[in-house]
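Chemist: Chains A and B supply the protein sequences, listed in that same order. Quick note on this note's numbering: the first sequence kicks off at 1 and runs consecutively. Quick note on this note's numbering: the second sequence kicks off at 1001 and runs consecutively.
I should point out that these hints are in silico values taken from the structure, not numbers from a laboratory. Hints may contain errors.
Claimed, not checked - Pairwise CB distance ranges, derived in the manner of DEER restraints:
1) A:ASP191 x B:GLY1003: 20 to 26 Å
2) A:LYS75 x B:LYS1014: 25 to 31 Å
3) A:THR126 x B:GLY1003: 27 to 33 Å
4) B:MET1130 x A:LYS75: 41 to 47 Å
5) B:LYS1014 x A:ASP200: 37 to 43 Å
6) B:ASP1016 x A:GLU98: 47 to 53 Å
7) B:SER1043 x A:SER193: 32 to 38 Å
8) B:GLU1215 x A:GLU180: 33 to 39 Å
9) A:GLU90 x B:GLU1174: 38 to 44 Å
10) B:GLY1100 x A:GLU150: 40 to 46 Å
11) B:SER1043 x A:ARG46: 48 to 54 Å
12) B:ILE1116 x A:GLU90: 21 to 27 Å
13) B:MET1213 x A:GLU90: 42 to 48 Å
What the hints assert, rightly or not - To spell it out: a stretch of chain B is covered by chain A in this simulated footprint if at least three of its residues, at any positions, have a beta carbon under 8 Å from a beta carbon of chain A; those stretches are:
14) 1026-1039
15) 1047-1058
16) 1081-1094
17) 1124-1133
18) 1175-1183
Since the structure is predicted, the reported quantities are computational estimates derived from the model, not experimental observations. Glycine included, every Cβ here is placed at the ideal spot set by N, Cα and C.
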Amino acid sequence: MSYRAARLEEIEVIDDGRCPFRPVRYHFGIAAFGVNSWTARDAGDRIINEHTQEDDEELYVVLEGRATFEVGDEKVDAPAGTLVFVSPNERRTAFAEEAGTTILAIGAVAGEAYEPDGMELWAPVTPYYQTGDYDRAIELLKPVAEQHPEYPTVLYNLACIESLAGRPEDAIEHLRRSIERSNRSRTLARDDSDFDPIRDDPRFVELVG
Amino acid sequence: MSGYAVTRIDEIPKRDSWIPVRDHFGIGAFGVNAYHAEEAGGSVIGDHTELMSKHEELYVVLEGHATFTVDGEEVDAPAGTLVYVSDPAARRRAVAKEAGTTVLVAGAQPGEPFRISPWEESWKENREAMALYREQRYAEAAAVLRDALDRYPDSAGIEYNLACFESMAGSAAETVARHLAHAIALYPGFRDFAREDSDFAPVKDDPAIQALMEEAS
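Produce the complete structure using the sequences and hints provided.
Modeler: Structural data, given as structure tokens:
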């Protein structure tokens, strides 16, 4: 079939302990750009997690309700029908002013072919990573990495957690496989403190160059 | 550019029914536009394939209610519907079922860095020329684009349409081939597009035209 259609609310929600999101890209299998959507349960919810995108350009589309974006040091009122375009390296977050506020985000890197990173798959593991429950995080993420070897970020994050959990063999093996898929993993690993426990391991040094 | 930019979608100056979102923000990583129909029954997304740009497309119905037709199948699409068309060869269009229907569409080619569509920079000239073309005034349509080519010497979109109009105007095959070759050199997707384009019927037996269309993309 050459097309697929869905109502936004039909796409199953993924909960990573923050504002639940709908993995639109993953749902359809889109390969050329990233796209997700967030819906606030209540007014005041942080609907877009505070973050910067190192390379991605992102366009936020407020589909329903009303949000307040904070970009850099500025606040932006964003009722439904507002488009907010944010360049790489700019800090951004958004809060819902109304329950049910829904934002769609589209993103990719200019000048590069898009690489799906599989964030939809590792997001549910994030709370365990953040609270230091590495064993549980590994238990959840390892089968995902085996089932989806096409996503370098899943392998990368698994390697991070294994490094922190004191499993250097596994960490190096999964980092190696991630780098085979995407050279970006190599660059990321150089400055990632998650790899501090294995930073002096000769195999790690060789991998990240 | 750095920083950020904000706008309401209805504040972006329209080009007919087209709301040029990508151009407005200067987005370089993916294609994104919106289209608006004032009246019920009006066209929101014109009938087209993505053979030229090989984009996957995700349509998002922002307001109103549309009926999509993809490869002959109808899709009912009220606000909040997403329609994903993966196959560049699929014919797709959308018509407004309600007045005030707006559809946003994002697109890019998998595995390739995004390139701005060759139609974007020269839309005014192409619109003027297309109006003449629809009235079968092919020589006048070609004259508009020959003039535009002085201002946009490396516009694949102008070169391609000029090749079409010269062909339909009965110009020498050599002239058609020169413009088509330049269009393809600037934007290789035009090769596949040209094969399906009936505008080249008058010159289809010319060896130079055949060679252009047969080369591997």
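Chemist: I'd like to know which numbered hints this structure contradicts. Please list them from smallest to largest.
Modeler: 5, 6, 7, 9, 11, 17, 18
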